[in-house]
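The sequence shown begins at 61 in the numbering used here and counts up by one.
Take the hints with a grain of salt, since some may be wrong.
Here are the computed distance ranges between Cβ atoms for each label pair [as the list claims (entries may be wrong)]:
(1) Asn-263 to Asn-243: 21 to 31 Å
(2) Asp-149 to Gly-175: 28 to 38 Å
(3) Asn-247 to Gly-217: 25 to 35 Å
Here are the simulated lysine to any residue pairs, SDA-like style, with alpha carbons at most 20 Å apart [as the list claims (entries may be wrong)]:
(4) Lys-183 to Val-251
(5) Lys-196 to Asp-179
(6) Lys-196 to Gly-175
(7) Lys-196 to Pro-134
(8) Lys-219 to Ser-180
(9) Lys-199 to Gly-155
(10) Lys-183 to Pro-232
(11) Lys-219 to Val-150
(12) Lys-199 to Ala-246
(13) Lys-219 to Tyr-182
(14) Lys-196 to Val-251
(15) Lys-199 to Leu-163
(16) Lys-196 to Gly-240
(17) Lys-219 to Gly-175
(18) Lys-196 to Pro-213
(19) Lys-196 to Leu-163
(20) Lys-183 to His-167
(21) Lys-196 to Pro-225
(22) Lys-199 to Asp-149
(23) Lys-196 to Val-257
(24) Lys-196 to Val-150
(25) Lys-219 to Met-190
(26) Lys-196 to Asn-139
(27) Lys-199 to Leu-138
(28) Lys-199 to Lys-183
(29) Lys-199 to Pro-213
(30) Lys-196 to Pro-157
(31) Lys-219 to Leu-138
(32) Lys-196 to Asn-165
(33) Lys-199 to Pro-245
(34) Lys-219 to Tyr-260
(35) Lys-183 to Ala-246
(36) Lys-199 to Pro-134
(37) Lys-199 to Thr-249
(38) Lys-219 to Gly-236
(39) Lys-183 to Pro-134
(40) Lys-196 to Leu-138
Since the hints were derived computationally from the structure, they do not count as laboratory data.
These numbers come from a predicted model, not from an experiment.
Glycine is no exception: its CB is placed at the ideal position from the N, C-alpha and C atoms.
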Amino acid sequence: MAASSHLTILSLKSGTTFRPTASCSTVNPIPSPLITTAFKKQMMGFLAASVVAAAAPLEANATRIEYFATVSEPSCELNFVRSGLGYCDVVVGSGDPVPFAQLINIHYTARFGDGVVFDSTYKRARPLTMRLGVGKVIKGLDQGILGGGGVPPMQVGGKRKLHIPPHLAYGPEPAGCFSGDCNIPANATLVYDVNFVNVYSGNRNTMHDP
């Protein structure tokens, strides 16, 4: 850096009067109390901005680490039933079983067969409200959460891993498409980590018949 390019920080004390130099003769003198107050405010603003700028990357990294740590469930040995669905319980819930055709809240992380995450409720910081048994979700989730065909129903508080083959997922058609870009390719095998949070409190008291 050239000798003429340097930064000098002046510490202004109460009672010090600013006097213009030849290079800034157009600046009007300011009473010393105003100088001190303005200088302090500028310095406080500078320090606050510096703290925010320094903290922002750390907060972002912490959020990312927390997200991946939250959705990483322990592995378990899959049981495959006749439909081709694989399932295993990481945690067997102790609450009510999944009700047929009623709304429930779940958290999930969805991956492709190679482990790449393509969707997660944890990233959105809220569970998904869904209705099972009435064709509102893919067949693999219906069977894997509600139960049937050799799969027991999940219970509130339970965590289950599901291995869903293409014919129980989205089949030969790509899914999640927007403007020509598709989130899920055709014939994709999907792996879900499902956490059955609770039964939705807004359900009606009457149950729908299967």
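Each hint tested on the structure:
1. Asn-263 to Asn-243: 21 to 31 Å: 30 Å, holds
2. Asp-149 to Gly-175: 28 to 38 Å: 20 Å, violated
3. Asn-247 to Gly-217: 25 to 35 Å: Holds: the Cβ-Cβ distance is about 34 Å, inside 25 to 35 Å.
4. Lys-183 to Val-251: Cα-Cα ~17 Å, so holds.
5. Lys-196 to Asp-179: At roughly 18 Å apart (the allowed maximum being 20 Å), Asp-179 and Lys-196 satisfy the hint.
6. Lys-196 to Gly-175: Distance ~25 Å between Lys-196 and Gly-175 Cα, so the pair is violated.
7. Lys-196 to Pro-134: Violated - the C-alpha atoms of Pro-134 and Lys-196 are around 28 Å apart, more than 20 Å.
8. Lys-219 to Ser-180: Measuring from Cα to Cα gives roughly 15 Å; hence the hint holds.
9. Lys-199 to Gly-155: Between Lys-199 and Gly-155 the Cα gap is close to 24 Å, so the pair fails against 20 Å, i.e. violated.
10. Lys-183 to Pro-232: With Cα atoms ~28 Å apart, Lys-183 and Pro-232 exceed 20 Å; violated.
11. Lys-219 to Val-150: OK: Lys-219 and Val-150 at ~5 Å, within 20 Å.
12. Lys-199 to Ala-246: 16 Å, holds
13. Lys-219 to Tyr-182: 14 Å, holds
14. Lys-196 to Val-251: 19 Å, holds
15. Lys-199 to Leu-163: Roughly 16 Å separates the two Cα atoms, so the pair holds.
16. Lys-196 to Gly-240: Violated, at roughly 24 Å.
17. Lys-219 to Gly-175: Roughly 18 Å between the alpha carbons, so the hint for Lys-219 and Gly-175 holds.
18. Lys-196 to Pro-213: Holds, at about 17 Å.
19. Lys-196 to Leu-163: 11 Å, holds
20. Lys-183 to His-167: 10 Å, holds
21. Lys-196 to Pro-225: Since the Cα atoms of Lys-196 and Pro-225 sit roughly 18 Å apart, the hinted pair holds (cutoff 20 Å).
22. Lys-199 to Asp-149: Holds, at about 19 Å.
23. Lys-196 to Val-257: Answer holds: Lys-196 to Val-257 is near 19 Å, not above 20 Å.
24. Lys-196 to Val-150: 25 Å, violated
25. Lys-219 to Met-190: Judged against 20 Å, a Cα distance of about 16 Å means the pair holds.
26. Lys-196 to Asn-139: 25 Å, violated
27. Lys-199 to Leu-138: At roughly 18 Å apart (the allowed maximum being 20 Å), Leu-138 and Lys-199 satisfy the hint.
28. Lys-199 to Lys-183: 24 Å, violated
29. Lys-199 to Pro-213: 14 Å, holds
30. Lys-196 to Pro-157: 19 Å, holds
31. Lys-219 to Leu-138: 13 Å, holds
32. Lys-196 to Asn-165: 14 Å, holds
33. Lys-199 to Pro-245: 17 Å, holds
34. Lys-219 to Tyr-260: Within the cut-off at roughly 17 Å; holds.
35. Lys-183 to Ala-246: Measuring from Cα to Cα gives roughly 24 Å; hence the hint is violated.
36. Lys-199 to Pro-134: 24 Å, violated
37. Lys-199 to Thr-249: Since the Cα atoms of Lys-199 and Thr-249 sit roughly 13 Å apart, the hinted pair holds (cutoff 20 Å).
38. Lys-219 to Gly-236: Between Lys-219 and Gly-236 the Cα gap is close to 25 Å, so the pair fails against 20 Å, i.e. violated.
39. Lys-183 to Pro-134: OK: Lys-183 and Pro-134 at ~19 Å, within 20 Å.
40. Lys-196 to Leu-138: With Cα atoms ~25 Å apart, Lys-196 and Leu-138 exceed 20 Å; violated.
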